[in-house]
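S.K.: Protein chains in written order, with the numbering used here: chain V, 1 to 481; chain Z, 1 to 667.
If you are wondering where the hints come from, they were derived from the structure by calculation, not from laboratory data. A quick note: this is a predicted structure, and the numbers were derived from the prediction, not measured. Careful, some of the hints might be misleading.
As a list, the in silico DSS-like pairs of lysine-lysine whose alpha-carbon atoms are at most 25 Å apart [unchecked claim]:
no.	chain 1	residue 1	chain 2	residue 2
1	Z	K208	Z	K75
2	Z	K455	Z	K378
3	Z	K636	V	K152
4	Z	K632	V	K152
5	V	K293	V	K348
6	V	K364	Z	K21
7	Z	K636	V	K293
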Amino acid sequence: MIDLALDGYMSALPEIFLALSGLVFLIAGVFRGNSGTTFLCYSAAFAFVFSLILLAGVNTGEAFSDLFIMDDFARYIKVIILLGAIASVVYAASFLKDEQIFRFEYPVLMIFAVVGMMVMVSANDLLTVYLGLELSSLSLYVLAAIHRESIKSSEAGLKYFVLGAISSGFILFGCSLIYGFAGATNFDDISVLLSGDNSLNIGVIFGMVFILSGLAFKISAVPFHMWTPDVYEGAPTSVTAFFAIVPKIAAIALIIRILFEVFPSMSEQWQQVVVFISVASMAIGAFGAIAQKNIKRLMAYSSIGNMGYALIGVAAATQNGVYSVLVYVTIYMVMTVGVFGIIMCMRKRGYAAESISDLSGLSKNSPVMAYGMAILMFSLSGIPPMAGFFGKFMIFEAAVNAEMYILAVIGVLLSVVAAYYYLRVIKIMFFDEAEDRFDCDIAFSRRAMIAISVILIVAFIFYPNIVFDGAMSASLALFPK
Amino acid sequence: MEYIAVFAPLFAFLIAGLFGKQIGDRGAELITCSFVIAAAISSVFLFYNVILSDLENHSVMIVPVADWIVSGGFKASWTLRIDELSVVMMCVINIVSACVHVYSTGYMSHDKSRARFMAYLSLFTFAMLMLVTSDNLLQLFFGWEGVGVASYLLIGFWHHKDSANSAAIKAFVVNRIGDLGLILGIMTIFVIFGTISYDGIFSQAADKMHDSFNFFGYEIHAITLACILLFIGAMGKSAQLGLHTWLPDAMEGPTPVSALIHAATMVTAGVFLVARFSPLFEFAPEALIFVCVVGAATAFIAATIGMTQFDIKRVIAYSTMSQLGYMFFALGVSAYGAAMFHLVTHAFFKALLFLGAGSVIHAMSNEQDMRNMGGLWKKIPVTYGLMWIGGLALAGIPPLAGFYSKDIVLEAAYADYSWFGDFAFWAGIAAAFMTAFYTWRLMIMTFHGKCRAVKEVQNHIHESPRVMIYPLVILAIGAIVSGYALSSYFVGSTSYEVVEVDENGNEYIDIRNKENFWGDAIYVKEENDTIEKAHHVDMWVKILPLIMGITGIAFAYLFYMYLIRVPEIFARRFRPIYSLFYNKWFFDNIYEYIFVRNVFSFGKVFWKTGDERIINGFGPDGLAYMTNIFAKIYSKLQTGYIFHYAFVMMIGLVILVSWFFFGFSAD
């Protein structure tokens with residue numbers, strides 16, 4: 001029996017604060033109606049900032065009868081999640097105004113989604129995993145469909161919901177298998193049981209595969225990726241940006257925690273799965289993107305591919321691998337913030353332009369934006385000295401150190417294929433005939449976010465240690481002793 | 001000082017080349033001209049410091065600039081070696097280059113990209129300076145290739161002209177053959193001596209004189225092989241017979257380029273190279289014979305071709321080739337000082353002739369065919385007068401520069417008392433006659449008789465602006481005095497010492513002789529010292545070249561001034577010989593037939609089938625094509641139907657699970 005004592009609840013202070021503020025905002029929204037959406041967005045941003053501050057002061061430790069764990073790993077991931085959430089909600093404020101989608105539920109849902117993700121990251125029990133996962137997923141389903149007047153948005157929400165429900169089913173089924181064979185749901189207990197029992201239990205392996213498949217859906221890894229392009233395209237751009245920036249980090253953190261904390265004794269088994277998923281994701285991400293004409297779909301494939309790269313680090317199954325994944329997703333998050341900021345700036349006469357060809361001649365019409373986009377694209381394709389290069393480099397280095405040479409070579413070759421479509425964007429911006437300009441009334445907050453993202457990408461080479469140190473201590477937390 | 005002399009042109013190139021748009025054409029001209037003039041002045045100072053300030057104790061400077069390659073036992077550094085030989089070359093290069101720079105501002109005044117032109121000229125000057133000041137073979141090779149590139153850029157400067165482009169490519173490709181020889185020579189030297197620095201090589205030369213290579217069972221004398229390979233490199237750059245075909249075509253470039261690169265400096269790099277390696281060549285007598293024979297044949301054959309050409313610049317180009325032949329056979333008989341002497345005087349009067357010809361072309365609105373000229377002397381008298389000086393110097397009439405240098409070259413050849421020396425002497429005498437003949441043929445066809453140009457061109461004839469005349473005057477002074485002033489230094493005999501009286505009435509012994517002048521830069525074995533012997537040859541040998549020169553001029557006058565029909569009759573009577581000369585001994589045609597066509601067809605095979613079909617087809621193009629197909633097929637799978645998506649997820653899960661199920665039970 002699990003005793004729901006509130007011991008050590010201080011460790012969950014940021015989550016508690018966020019959940020409470022979400023409730024307060026909900027009530028405020030109900031009273032003020034949709035007209036207060038922008039205000040609520042910025043309030044949510046402040047709530048995120050405040051919870052970031054709280055996060056800094058929280059002690060490590062376990063809470064709620066070991067259902068919840070707070071360690072350096074969780075702290076690092078949560079910082080990134082909150083930063084990404086701040087960027088997303090700031091984007092949303094101006095985007096909702098542009099598109100005239102005033103729904104006060106939007107920021108509230110974002111807050112709940114973030115709470116769910118933070119719980120996922122801190123989960124120390126299969127039940128906590130499911131709790132956090134469902135809280136965030138349900139919020140995300142609604143967010144995808146938030147633009148009710150748009151058929152595409154509704155379709156995206158529906159698809160995401162149905163497929164997400166299937167994946168949740170996978171996870172639940174996996175949890176029940178593990179509980180059935182191991183007799184425990186707590187991570188510590190399971191890992192002790194597994195390490196003690198030398199003969200591997202096929203039931204537990206099946207459970208692990210099911211959970212892994214379900215989580216692979218959340219990070220849109222192949223073959224559970226099919227929803228990604230459709231949802232990215234259909235959802236309002238600010239929601240797409242949120243999808244691309246935040247939930248994947250939480251999901252990949254959860255994958256890492258489960259694989260490295262619960263099933264370290266089965267690493268040979270899950271390595272095979274992860275390698276397969278990783279290679280398939282890189283390949284589909286690279287080849288699928290080539291034929292795309294819509295920039296949001298392009299970014300969907302880009303994210304599929306990038307998750308494939310991140311999984312290389314997981315597949316290495318070493319502390320160095322985890323470290324490289326953390327660096328990689330951090331850099332990826334920053335790049336995505338910049339790219340989606342620019343995508344949101346693509347508006348012609350008040351309407352969003354989403355086709356890649358709309359970018360043609362951007363270097364003439366608004367050179368600053370074109371150069372910013374070029375830097376981001378170079379970074380995404382992994383060209384030095386941008387930050388993206390270091391992310392990829394460390395991933396491959398980890399794979400080589402773990403003697404997974406073939407995987408590293410495949411990764412490098414596929415990143416060449418992927419470079420094609422990133423460079424194509426640059427080619428269109430700089431060498432194609434100019435089309436009509438984009439609207440130039442871009443909100444200051446958005447400009448600032450894009451600028452910060454580009455500067456971080458370029459300046460990473462000068463101050464890489466801020467990320468490196470954090471990621472190092474976070475990855476060490478998973479490898480005790 | 002030495003830094004200014006060498007690096008000022010580099011900075012001029014960088015400024016004019018990179019910021020040409022910002023500073024404008026005028027700015028680029030000012031910068032390049034002033035920098036190169038500064039370099040010229042400092043190299044004259046260097047000349048004084050190194051040699052003249054103390055004739056018996058030269059202050060040779062070795063200035064290390066930076067390390068370049070340090071790898072195990074192999075070391076190559078950027079070093080300026082300012083010794084007797086290089087300082088002479090620096091003076092020639094910088095002075096002529098300064099004149100040409102200034103001249104170009106006038107000559108190219110109608111051109112659109114003057115800044116680029118000036119930048120290239122400065123680049124060339126810098127590369128040439130690197131070549132002559134190097135302290136090892138690698139830096140020499142750097143300069144060697146640098147001048148090649150600059151020459152390519154300048155020949156093809158008017159890139160809108162097809163003929164200029166193909167001439168530039170031809171120059172580059174033909175030089176490449178020579179460069180291959182040079183590279184092989186450098187490697188051979190490294191194999192023999194284990195170093196590429198001059199001091200290291202020369203100090204070991206005597207020890208290694210009996211070394212040999214075994215090559216497919218043949219014993220090859222190592223130093224001879226190295227020397228011949230180096231000389232092949234020199235043949236390419238200096239347009240010696242066999243590798244000369246690029247030089248006449250290179251006249252497609254602007255005339256200042258022809259004056260600087262294809263007369264005064266770059267083409268003499270080969271002469272410099274051999275002179276620089278005199279300590280090595282002295283131990284390779286067979287190589288010297290080879291040098292001598294090639295040089296003599298070049299001198300003769302180029303002169304015969306020069307007599308029949310009609311393009312004013314081509315005549316001078318063949319003349320250059322012929323004079324280079326003189327220098328080489330002088331080297332071949334170990335008269336290095338004489339060769340350098342002829343190099344210096346030739347640089348002055350040939351640059352003068354070229355720039356003069358440029359002035360004529362400028363006046364004639366870019367007409368180069370002498371058949372369309374004539375009677376110009378009244379209209380452009382200054383150019384005419386300056387051309388006279390250049391012509392007399394070239395023909396070897398005293399007291400102009402060419403007389404001194406050509407005489408000592410021919411006498412040295414005679415004084416070698418060997419079969420190849422005699423061959424060179426008689427070929428040189430014949431060439432001397434022809435030189436005078438074609439020079440005056442040029443003078444008369446251009447400046448005398450009736451003007452054969454079209455009316456509009458005639459009305460346009462004008463004397464060149466002063467900015468073009470002044471450099472000519474400087475070169476003319478050089479062409480007049482350099483022979484007399486330098487002869488005792490460059491080739492002065494050591495056997496007699498002249499007692500002279502200085503202004504205070506004190507007697508002193510004149511120590512101006514070649515030994516004191518060249519110091520250690522040139523090494524000649526005692527028994528090979530032909531210059532010394534040349535001072536003691538029979539009188540008729542000394543006078544013969546002069547007689548030949550005068551007769552040549554007389555014949556030219558006779559044929560082209562008074563008996564105008566005679567050349568035509570000659571041409572008809574001796575049809576085969578004339579067409580042999582006129583068609584440049586069919587070198588171009590033979591090369592075209594043997595090499596060019598075959599290479600092109602080979603190239604086509606490799607290009608069409610080898611590269612496009614096989615490498616591209618299976619490589620980049622094929623892969624890109626497959627990638628596209630793959631991408632298209634894949635996007636068809638993305639149907640948009642939710643049940644398809646769910647199905648794929650299920651399949652994926654089933655695959656993963658069954659993978660484990662079978663993998664696990666197989667254990």
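S.K.: Between Z/K636 and V/K293, does the CA-CA distance stay at or below 25 Å?
M.R.: Holds: Z/K636 and V/K293 sit about 14 Å apart, inside 25 Å.
S.K.: Z/K632 and V/K152: Cα distance at most 25 Å?
M.R.: Holds. Z/K632 to V/K152 sits at ~23 Å (cutoff 25 Å).
S.K.: Between Z/K455 and Z/K378, is the straight-line Cα distance small enough, at 25 Å or below?
M.R.: holds, 17 Å
S.K.: Is the straight-line distance between the alpha-carbon of V/K293 and that of V/K348 25 Å or less?
M.R.: Holds, at about 17 Å.
S.K.: Is it true that the CA of Z/K208 sits at most 25 Å from the CA of Z/K75?
M.R.: holds, 21 Å
S.K.: What's the verdict on V/K364 and Z/K21, does the C-alpha distance respect the 25 Å limit or exceed it?
M.R.: Status holds; Cα separation ~22 Å.
S.K.: Does the structure keep Z/K636 and V/K152 at a Cα separation of 25 Å or less?
M.R.: Holds, at roughly 19 Å.
The earlier numbered hints are all upheld by this structure, with none contradicted.
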